[in-house]
Structure formats: structure tokens, C-alpha cells
Amino acid sequence: MIGSFFRVAWHVMRKDLTVEVRSKEVLLTTLFFAVSVVLVFSFAIVREGRAPDDVAAGILWVAVSFSGTLAMGRTFERERYNDTLRALLLAPADRPAIYTGKLLGLLVLLGLVEVVLVPLVGLLFNAPIFAFPGRLAMLLVLGTVGFAAVGTLFAAMLVRVRSRDTLLPVLLYPITIPVMIAGVRGTAALFQQTPDLAMAQFWIGLLIFWDAIFITLALWTFEPVMTE
Amino acid sequence: MTKLNPLFIGLSAVMLGMAPWVINAAPYESTMGLVQKVFYFHFPSAILFLVAALICGVASAIFLFGKKPRADGWAIAAAELGLLFGTLTLVTGPLWARKAWGVWWVWDPRLTSSLLLWMIFSAYLLLRRYGGPGSDKLGAGMALFGMANVPFIYVSVNVWRTLHPQTSVVPTLPTEMGIPLWFCFAAFTMVFVTLLNLRARLEHQRARIEALYLAEDEA
Amino acid sequence: MTRWRLPSDFDQVAVVDLARHYGRRKALSQVSFTCASGDIIGLLGPNGAGKSTLLNILATLSSPSRGRVEYGNRTAAQGGAEIRGRIGMLGHDLFLYPELTARENLVFFARLYGLPDAERIAQASLTRAGLADRGDDLVSGFSRGMRQRVALERALLHEPRLVLLDEPFTGLDQASTTALVARLRERQQAGCIIVIATHDLDVADGLLSRAIYLKNGRIVGSDSDSRGLSERYRLAIQ
Chain A
137 MIGSFFRVAW
147 HVMRKDLTVE
157 VRSKEVLLTT
167 LFFAVSVVLV
177 FSFAIVREGR
187 APDDVAAGIL
197 WVAVSFSGTL
207 AMGRTFERER
217 YNDTLRALLL
227 APADRPAIYT
237 GKLLGLLVLL
247 GLVEVVLVPL
257 VGLLFNAPIF
267 AFPGRLAMLL
277 VLGTVGFAAV
287 GTLFAAMLVR
297 VRSRDTLLPV
307 LLYPITIPVM
317 IAGVRGTAAL
327 FQQTPDLAMA
337 QFWIGLLIFW
347 DAIFITLALW
357 TFEPVMTE
Chain B
425 MTKLNPLFIG
435 LSAVMLGMAP
445 WVINAAPYES
455 TMGLVQKVFY
465 FHFPSAILFL
475 VAALICGVAS
485 AIFLFGKKPR
495 ADGWAIAAAE
505 LGLLFGTLTL
515 VTGPLWARKA
525 WGVWWVWDPR
535 LTSSLLLWMI
545 FSAYLLLRRY
555 GGPGSDKLGA
565 GMALFGMANV
575 PFIYVSVNVW
585 RTLHPQTSVV
595 PTLPTEMGIP
605 LWFCFAAFTM
615 VFVTLLNLRA
625 RLEHQRARIE
635 ALYLAEDEA
Chain C
12 MTRWRLPSDF
22 DQVAVVDLAR
32 HYGRRKALSQ
42 VSFTCASGDI
52 IGLLGPNGAG
62 KSTLLNILAT
72 LSSPSRGRVE
82 YGNRTAAQGG
92 AEIRGRIGML
102 GHDLFLYPEL
112 TARENLVFFA
122 RLYGLPDAER
132 IAQASLTRAG
142 LADRGDDLVS
152 GFSRGMRQRV
162 ALERALLHEP
172 RLVLLDEPFT
182 GLDQASTTAL
192 VARLRERQQA
202 GCIIVIATHD
212 LDVADGLLSR
222 AIYLKNGRIV
232 GSDSDSRGLS
242 ERYRLAIQ
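Just so you know, the sequences run in chain order A, B and C.
Start counting at 1 in the first sequence, then tack on 136, and there's your number in the working numbering.
Start counting at 1 in the second sequence, then tack on 424, and there's your number in the working numbering.
Start counting at 1 in the third sequence, then tack on 11, and there's your number in the working numbering.
Treat the hints as calculated values from the structure; they're not laboratory data.
Do not rely on the hints blindly, as some may be mistaken.
[Said to hold, decoys possible] Heads up, simulated DSBU-like pairs for lysine-lysine below, C-alpha to C-alpha not over 35 Å straight-line:
1) B/Lys461 with B/Lys523
2) B/Lys427 with B/Lys523
3) C/Lys226 with B/Lys427
4) B/Lys427 with B/Lys491
5) B/Lys523 with C/Lys226
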């Protein structure tokens, strides 16, 4: 039972990554978009050649959030194109396993985007990204997982809805703001002059808790919400 | 429930009508003066706002997992009321804040979280409106996530030091202030219950009309 | 052609007083019929008659507003994933990933269905579809007829009991149509229950063992004589 769950998730993820590797469309456009967001915000905020303190964390997470939403929309658009989402749901596989597969594929994609974003932000804003790499990585992983978990569910839900492009951000942002807050505050705590490790630790803890609850919720609701 | 509606409506009207007098009779608070009395509306609104979120979440769960169609009517009603009481909270709050802290808005956790919850309700209602057929299921799914966020909202106050009065201020109120507060609380709760009932009933009747319409030309 | 009979196999599908509403719109109402192993049922009707909706419900992807579908002696709710494992569907949009090769598509779905030795099954399917030499080409480069053949094999990978096809003859040339008909007849011999929603009366004529005429979500006629289908269709629908 458990074995087939992960087997299905693995194959769905592999399929998504294979498709992505072939065209690289979503990866490249998302990456470019994320970089643009960082630059746009930099132009908006940098004055006299200097950025105010503490914006690095905020800009990083805004870029992750915006580009992530785009990526989610695009990956499910692919499933809509030839109605393959229906084919996936038709299979005798556990529906939550399909959700997990899509989520993992999205995480790999966003992970690659963040691998580029973090050094970029570190470079542009002199942020100490290597000071506490472990904790920073944890924040990024947990935050991205939380964001993507809810986003994958919502994007799947909206696949047949006409105004899905606008409704996805409308639904996703309010619900995932706790994740954003935790991510930004935690990262800021690590980046500030005198790093506040206890604070960062707290936010990491909160994210673990949030992720656990919302992934469970997503796994529960995926099936009922996807049957017409 | 429906038989009690006239009673509910009557009671709500009376209590709400009496509220200004009761509030007026309360003593002035030393530092804040008249504006402090907004608190008598703000506090019940804020609590009922959270209650609406809970009801919406529970009704959505029952609708989605328990597959009870009537629960959807309660969910929509609760969401709309959540929007209403949320708006009240977010309007009365800054009115109070301006006098107490000198600014209309402060980004402290509780205010921010209330704004977030308000946005979640708005998003839910937008989804119901523009989500096309099947949006009742989608909305229910989304509402579950919204409700699950509520504890995180409440926890944030006790974790961060904040400008907001600590949650424990209410028990320490002197009686002359306690009475109008609890009266307003009761009045608002009455209004909430009444409106919830009426709105849910509206949804249920709409569903019934649809069922009748659909059954109309069956053999 | 013998095949193993799985415990979850069923010999009959019964649709009982099925209705599906979207708000006030009745997509289907009072639909009832039965089909048994070896039947090829045609769902005929104008656009918007409810053919696709009915297929969706038969595939368990959609749940009815009223009534039920019985697969053997179980409903979709009771059977769950097991029933889905005995159903194969060829949708109007073909259900293939254009960015993958034909082989990759088949292997993926074979793995998804938990079939052992996915590679071998995929190869066999490609051969049966006459595309063994094009197996490693991207589906996006295929013609409609070729895609159709891959899509059909995809639907039949797990040797389903109930085969559902939504407008399968659209845009096919003569050769592809003949191949499709042959494959369906072969499946019919193997004991499958086949339900086809189609506009193409010429092809359906002679293929169907029974025709069900749908209009505005209701059954307006049904007959077992598939000869002279165009005439019967006209009579039933008008």
C-alpha cells in the first residue's frame, strides 16, 4: 500500500521532470521572471546606490512567491492541454499519490530557481547567505514546501475553472502568508547585523508545524475536491 | 430554527437599539475618552469574526467529507458574515488605534492576521462567485485551509510582544465597563445568529427551488 | 484470445435512473440502460446531448446527481480504485503528453497502472498499433491518426473490461478508421464492454450491437439494429 503510493508519486514526478527537461520552458521562464522580480524591487527600493537594511529577505521571498505561483499555473496548464489530468485521475492509483508526485516535481523546479535566486540576492544586497547555511536552507525548504503544497492543490482545483489564472494568486496568497511571514522573518533574523538565532529557530519550528498540518489537509482534500 | 427567526430578529433589533444607551451609561476611560467606547463594538465584532471562520471551516468539512449538501448553505452564510464582522473589526480597530497609539494602522500580528483572515473570506467569496460550476466543492476545500490558519492567527499574539492589549485585558475590566461590554457582546451575538440563520435559510431555499425546478418535468 | 479473468472483473454495466445537473442545467436525466460483455454500445446524439457527461460518469470521474451505475454488482463508490482499474478511456483530447515519445507515454501509464514489465507491454502495444519504428519519436510530431492509435493502446494497456471512447473517429483517414474498428472488434471478442460516443454514423453502422439516442440529456430511443443507422438516427432525434 505505502509502496505503491510512493511508486506512483515517483513516476508522476519523473514524468513531470522528463517533460520539463525536454522543453525547459517552465524552468527558464520562471527563473527569468524571478530574477526580474528581484531587479524590479531593487530599482524600486535602492536609493543612492544603497539598499535599506533587511530588504534582502523580503525581496527573496517575494520573488519565490511570485515565480512559484507562475510555475504552478504552468505545470497544471500542461495537464489541461491534452486533458491528461483526467487520465491521471482515471488510473487506479491513489489520488493523493498523484498530488504528491506533482508536488515533488514542482519542488525540484522551485529548488532550482532558488539555487540561483539566493546567491543573486546575496550578491546584490550583501546578505550573509553563507553565515548560517543550514538554517537558511531549512527555512527555504520548509517555506517552499508549505507554499507549494497549498499551491499544488489549488492549481489542481482550478484546472477546469475559467478565471484560473487570476483566482490562483487570489486564493493562494492570503492562505500562505503565514509561510511568507515565517520565511521572511526567519531569513531576516539570520541576515541581520547581530543574527537572532533563537528567532530563526522559532520560525523554523512554526514552519514545520504549518507544513505538517497543511500537507495533511491537502492529502485529505485532494480526492473529494477533484471529483466533479 | 425557522420558527424562532421572528424572535431572533426582534431580540436583535431591541438589543442593538438599546446598545447606544448602555454604552453611553458606561464611565469614560481616563486616558482615551469617548473613542474608547468603540471597544464595545470592536471586541464582539472581532470575536464573532473568528467564530464565523470556525463555522465556515466546520461546515465546509461536513460538506466535503460528510457529503451533506445543506452544510454548504451554512458555509456561505458564515463566510459572508465573516466578511461583515471582519469589516466592522477592521474599521473600528483603526478608529480606536488612532486615538490610542496615534496611527491609523500598525503592522502588529493581530491586526495583520485579522486583515489576512478578512482577505481569506474575500477570496472564498470570489471563488464561489467566479469559480463556475463545482465551485461549492472548491470553496469548501479552500475554506478548510482558511480555518486551519485561525489558530496560527491566535498564537501570534501571545508569541510576539505587541502594541495590542494582551488578551487578558478583558477579565480585569471594572464592572461598570464590564456590563456594557458583555451586553454589546450579547447583542452582537444575537445579530450574528439571526443573520446566520436567515442567510443559511436563503441558501437552503435556493437549493430547494433548484431541485423543484429540476424535478419539474420528470415523468 | 484467452485472458485471465480478474476478481474485480464484471460482466455487465447497469445504468440506473442516472441524472446529472449543473445548477439548473440538466445535462442528463432519467438515463437507464444495461450493457453486457461483448456489447458495442453507441451513444448517438447532437452536440450538447450529454454524451461526454455520460461517459465521464461511466468512467467514475464524475458523480451523478441522482441514480447510479453498477459495475457488476458494485457501484463506483463501493469499488473505488479497483473499478477504475478495469476501465479504459479514450478521450476526445487523447490523453497523451506531446512532449514525451510514444514509448514514454505508454511506459508511464503502464507504470501508473501498476502493470509489471511496463517496457515489454509498451513495446507490444506499439507493435499492435503499427508504430514500432516510430516508438521513440515525440508524440507532438505525430499525425492525428497516429496519435489516435497510441492513445487507443494507452487506453487498453491494462486490458480493461469497460472501454469508453469519446468521438474516436474524428479526423481519421480510412486506414486508421479500419484499424480502429478492427481493434474494437478484437476487444469485443475478448469480452469487453465497449461504449462509443460518436457522430460518425457511417462507421458506426455495422459496428454497433446497439445504439442509444440521446437528446437534451435524455434517451429518446434505442435499438439493436445497426443497419440503416442514419435513417434511424434521423427518426429518433428529429
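Hints violated by the structure (listed by number, smallest first): 2, 3 and 5
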